[in-house]
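> Counted the way UniProt numbering counts, the sequence shown spans residues 1 to 1049.
It is worth saying that the hints were derived from the structure and are not from the lab. One thing to keep in mind: the hints can contain errors.
[To be verified] Mimicking SDA-like on lysine to any residue, the simulated pairs with C-alpha atoms at most 25 Å apart in a straight line are: (1) K566 with K853; (2) K564 with K853; (3) K192 with D347; (4) K564 with S577; (5) K451 with Y435; (6) K913 with P1010; (7) K161 with P1010; (8) K595 with Y553; (9) K192 with D116; (10) K219 with P1010; (11) K451 with D418; (12) K460 with D510; (13) K641 with V694; (14) K715 with P744; (15) K509 with K1047; (16) K783 with G321; (17) K483 with D418; (18) K256 with K1015; (19) K350 with S196; (20) K595 with E629; (21) K262 with H762; (22) K663 with E629; (23) K978 with D966; (24) K853 with A867; (25) K1047 with N275.
[As the list claims (entries may be wrong)] FRET-style restraints, in silico, Cβ to Cβ: (26) K282 with S718: 26 to 34 Å; (27) H736 with R156: 53 to 61 Å; (28) E696 with H80: 39 to 47 Å.
Using N, Cα and C, we set each Cβ at its ideal position, and we do this for glycine too.
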Amino acid sequence: MSTASTTFYSASAGSGKTYTLARDFLTLLFKSPHHQGYRNILAVTFTNKAVGEMKKRILDNLNDLTKQPVPKDLQGIADHIKQTCGFDDKQLQEKAIKIQQRLLHDYAAFDIVTIDSFSHRILRTFARDIQLPDGFEIELDSDQLLSKAIHNLLSRAGRDKQLTQLLVDFTLSKIDDGKSWDIEYDLHSIAKLILSENHYVFLQQLKSKSVDDFLQLKKNLNKQNESLAQELKTRTESITRRIQSAGLQPDDFFYKASRVYKFIMQCADGLFSINPETGYVKDMATATLANKAANAAATSEIEGMRDDLVELATFYARAYGTVLLHTNIMRNLTPLSLLNEIVQELDKIKDEEQIVPIYEFNGLLSAQIKDQPAPFIYERLGERYRHYFVDEFQDTSRMQWSNLMPLIENPLVQEREDGSRGSLMLVGDAKQSIYRWRGGDADQFLDILNKDDLFMLQKKNQSLGTNWRSYSNIIDFNNGFFKFYGNLLSGAAYEDLYENYLHQEPTSKDGGYLEYHLLDPESETNDFDDPDLTTMYPPHVKNCITTASQQGYRPDEICVLVRKKKQGDELARYLVSQSMNVVSADSLMVAASPKVQLLIAIMRVSQFPTQQEPLFHFLMQYAQLEKIEDIHSFIDAHLSKSLEKISSSLTSGDDDVFSAFAKANLFQATEKVVARLQLNQDYDIRLQAFLEHVYEFSQGFESSLSSFIEQWEFKQSSLSVPAAQDPEAVTIMTIHKAKGLEFPVVIVPYCDEQIDESRDAHGWLPVDAVEFSGFDHVYISLKQECESYPEPAPLLYREHMARVEMDQINTLYVAFTRAAEQLYILATDKDGKKETYSSLLTQYITSHDWQNKTESGSIIYSRGNPARKTEVEEKQASVLVESYNVRDGNQQPELSTRKGKLWADDALEAIDKGTQLHFYLSLINTIDDLDSVSSRIDRDHSLSHDQKAEFKKAIAAVVQHPELSDYYSNGINALNEKSILLPDGHKAIPDRVIFDNNQATIIDYKTGEPSNDHKSQVNGYMNLMQQLGFETGDRILVYTDKMQVEKWD
């Protein structure tokens, strides 16, 4: 009797994972007693590209096994099959021929599929059980679906009072944070949570909540905070009375008004603005309280307060975390309630259009499968599959795995009459788990890896320990550096991963070359005339490319890997300016084509024929495409002409291209414009892709010009064309896109990020539903202050930070292991920070025997010989299509109008006014600037006469206000809207800071109702100024719509 075969392969980068998958898949085919063994095998992976590559690999290998002798590079697989099945060469060949014949005639049963397509198959099977509509359609364009839901939500504004207030509150909070009032982009960002499995369960639970439920929670939390603030005031009263009766002054206290005395005054105001972990608060029982210069009576009086102060500090520390937690929750309630409204709008759309978004597959299946017995599910799918392969298991979400488990478990545990059972092969590498944001879960991989069994059956772990990709010096470096880095990880399981599942042995490929550039920002010239630190990298990247090229590497053998798209954009711009050819994500974007940009410009003119701005953009695009030298004169000459005359002078033919969209359907009109402008004279793959996109859109229900332009706003950032191999172009791509690829030469710049960098992170905190108005989970921002919250918030934060550290090391691991022959790493030790990639790289490399030299103040460490290791391969030239034809159609299109405003009410006007007033006040340094700013307002043609008068009056009211005029007087030293860089990389931007000697006063402009959040924000700015060494002056809030001034110190 045989036992189940469950094998878990831990496959580090370059370890031959695809080879192992193909070998074991083929072995199962040959072990089968019949020639259709493929019918009983299901292999799942994550992308269509991976599916295609795996199918091709297996088919190519199978074809090679039909030959005698077997090709040399397949001899290992052939020997493995012969040994496993007991075949000789002839038997192997004969069975290979028969399997190949059957498989090619039964290709549809060759099931190597993406996990999404398999989920779709299961979903179809259980459609009636889940009560999905007959003939439901799969919606692949999730962004477009979200856009439609957000559009529907905004259309309710002005009619739905509660929703309107939510939108106004959300917008005002954005303005107070110094952001644009345009909320559509932010709503789309929030709605992205809906697409992630990490949030699916929680958002489903929120569906039962109404706007009133969210408001009630906010009201209760606010009430609890106010109660704690009042209790803080009450507990402080006896201390403040004692200070007053004894005639004590701030100077009598240690550090005068900036420590203990300040703490007492903050408590007297009911403010929780000082961290209780601050030394003098935490150690109140032993801290020095009185100033050494104070007289004996004052010192005695202050010491006599110690017991009361200790009691006050104890209460403060206990309440502080609760208040901050409640504030955190409340700040996220408005966007969360809007998100819940978007979810409900999506449900309406799904019901009306009978669609199922692809992101809901796993959630729907999980809800159906979890309560069903495994044999029932297996039978419903036809009892076909006996053997399962799951590739890239580290990227499998928990929900995806839980949906697969019942299907896999049944053939593993059920023994057939012949004593055989099914098998399972899981393949992955937790070190290459870099897709947590879309559900990939390295923790799940590690949980299963460290178990002795799976489905209560013994599991065999195998580690692929040989690196077939890289040369020995690169392998040695990655072995050593990532073990060193892994020892710093917070999570024990993560540290164990880099301790026990990292080391790889090299093959006979000895050598390889590495360079580490530690750049000195002080000695660098800035080629972009930009103060940003990252601009030092492009010239050095160019030097690395030149170095590799001099060793005989073609440009297409060189890849530059970056963390962020904007870094790749910067590099691409620079390298192109240096006459280097580049293939980057940006260059592959359809929207980057000048011809496509011109077509979109024409569409916008057609949509808004009376507006000057769309016409200006069209003329600019046309001039750039046609390489007109004096662009400004060209635009001036045409801007005042009619559209008919512009079309006649710039295009061939008599018809007005701008009216084409009113005379034909969308696709035919676009083809006509392409022909008239002769854009099809030379081949542009991006233009072709754009025309295909227009055609597909025109086949839909809503195919008007306005609808197309609306969806283009969201679609343009994701529509791209496949990269064509160009032997003369260097590749620039993000590390996430490079996963699974390899290059002879890899360059990794920008290696100075913090290893615990976590921006704008959020999580779901479990809470007591009774205490939190019926909510059992709340959505909070995950930041350092969470350590002071009541449990389990600190645990949630620490687990998040451990995962962030893991994601950071994994990203670097993926980048460094793409290199086969040469690896260049570029970094700068920013501000001497300890927890950065560069500091760790420097610590490791300087402790090993690397050569080094200094160039222009920067240090270049190197190891190995830079001479090329492999022979140059000749690349076959690509064949390009030189031109293509387009048609000219005349059908009438169906036109619809689009709202130009989100909602037409007083709230929008107030928001817009507040934003503009902020801008004009930022231009005022002293009262002398009042006239020049007033003149600027007069020149603003977008304002009516009454609006201009209102703005000038409002600005004068601020500058000349009796309580404020001194802060705008001549000779004052002030800064408006200047950024303060925070340690975590974020920026704080107070509206106005006035400096008087070493004292700083802060003014912040607000609109709407006064709130404690506004005070907390200003207090936060002042704390930053203190950290910068300034003494505290006045703190001032100016509510410009009411001209109300709040001032405290």
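> Are the hints correct? Go through all of them and say.
Now for the hints, and whether the structure bears them out:
1. K566 with K853: violated (31 Å)
2. K564 with K853: This hinted pair is violated, its Cα atoms lying about 30 Å apart.
3. K192 with D347: holds (15 Å)
4. K564 with S577: The hint holds at about 21 Å.
5. K451 with Y435: The hint holds at about 23 Å.
6. K913 with P1010: This hinted pair holds, its Cα atoms lying about 18 Å apart.
7. K161 with P1010: holds (22 Å)
8. K595 with Y553: violated (33 Å)
9. K192 with D116: holds (19 Å)
10. K219 with P1010: holds (16 Å)
11. K451 with D418: Given pair K451, D418 is violated - Cα atoms ~29 Å apart, limit 25 Å.
12. K460 with D510: Measuring from Cα to Cα gives roughly 32 Å; hence the hint is violated.
13. K641 with V694: violated (29 Å)
14. K715 with P744: The given pair, whose Cα atoms are some 34 Å apart, is violated under the 25 Å limit.
15. K509 with K1047: violated (72 Å)
16. K783 with G321: Roughly 13 Å separates the two Cα atoms, so the pair holds.
17. K483 with D418: violated (47 Å)
18. K256 with K1015: holds (23 Å)
19. K350 with S196: Holds, because 18 Å separates the two Cα atoms, which is no more than 25 Å.
20. K595 with E629: Status holds; Cα separation ~18 Å.
21. K262 with H762: With a Cα-Cα distance of about 33 Å, the restraint between K262 and H762 is violated, given a limit of 25 Å.
22. K663 with E629: violated (34 Å)
23. K978 with D966: Since the Cα atoms of K978 and D966 sit roughly 21 Å apart, the hinted pair holds (cutoff 25 Å).
24. K853 with A867: holds (18 Å)
25. K1047 with N275: Roughly 23 Å between the alpha carbons, so the hint for K1047 and N275 holds.
26. K282 with S718: 26 to 34 Å: violated (50 Å)
27. H736 with R156: 53 to 61 Å: Distance hint for H736, R156 is violated at roughly 37 Å.
28. E696 with H80: 39 to 47 Å: The hinted range 39 to 47 Å holds for E696 and H80, with Cβ atoms some 46 Å apart.
Hints 1, 2, 8, 11, 12, 13, 14, 15, 17, 21, 22, 26, 27, counting from the list given before, are not met by this structure.
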